[in-house]
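In case it helps, mature numbering (1 follows the signal peptide of the UniProt record, and there is no 0) puts the sequence shown at residues -21 to -1, 1 to 104.
Mixed in with the good hints there might be a few duds.
Derived CB-CB ranges, DEER-like [stated by the list, open to error]: (1) Thr14 - Ala86: 38 to 44 Å; (2) Ile9 - Glu46: 20 to 26 Å; (3) Pro16 - Pro91: 36 to 42 Å; (4) Ser49 - Ile9: 17 to 23 Å; (5) Glu46 - Thr8: 37 to 43 Å; (6) Thr14 - Pro90: 22 to 28 Å; (7) Arg20 - Glu81: 36 to 42 Å; (8) Ile10 - Asn34: 17 to 23 Å; (9) Tyr89 - Met54: 24 to 30 Å.
These aren't lab readings, by the way, just hints derived from the structure by calculation.
By construction, the Cβ of each residue, glycine as well, lies at the ideal position given by its N, Cα and C atoms.
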Amino acid sequence: MRSIIFITVFTVYVCVCFTKAQSGSVFKTIIRNGTGPVPTRNQTVIVHYTGKLQNGEVFDSSRDRNEPFSFKLGMQEVISGWDAGISSMRVGERAEIEIPPEYAYGAEGYPPVYPFYKSVIRPLY
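Let the hints inform the model, and build the full structure from the sequences given.
Following this line, the structure appears as structure tokens:
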């Protein structure tokens, strides 16, 4: 059974400059428009997020730790669904990114946190 992982990014702060990457089958729903630029490849982005399975179960949250997460966009430091979804976000934007298994953790999953072939929904604020 395939489900979806959701990512909620609370705020995207971008350090340096920006561009778009291909999103494939990653779906983004904008909750609040941002006013800043979009990030470019190899740029450091800083986000708050909440990761949920399709059934709403939260498996990870930077907000719970009160610690934003940073990574270099497009450098394979995160699942490809993050790179694709965040690459089109503007600074200050809030969005929900629906990431199918092939852009998340695939057939292997990420035991014990993510079951195999599960999609992820990450609301990003």
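Against the structure, the hints come out as follows:
With their beta carbons about 40 Å apart, Thr14 and Ala86 fall inside the hinted range of 38 to 44 Å. Checking the proposed 20 to 26 Å range against Ile9 and Glu46 shows it holds: the Cβ atoms sit about 25 Å from each other. With their beta carbons about 38 Å apart, Pro16 and Pro91 fall inside the hinted range of 36 to 42 Å. The hint said 17 to 23 Å for the Cβ distance between Ser49 and Ile9, and at roughly 22 Å that hint holds.
Taken as a hint, the range 37 to 43 Å is violated for the pair Glu46 and Thr8, whose Cβ atoms sit roughly 25 Å apart. The hint said 22 to 28 Å for the Cβ distance between Thr14 and Pro90, and at roughly 40 Å that hint is violated. Checked against the hint of 36 to 42 Å, the C-beta distance between Arg20 and Glu81 comes to roughly 21 Å, which is inconsistent with it. Checked against the hint of 17 to 23 Å, the pair Ile10 and Asn34 passes, with Cβ atoms roughly 20 Å apart.
For the pair Tyr89 and Met54, the supplied restraint of 24 to 30 Å is violated, since their beta-carbon distance comes to about 19 Å.
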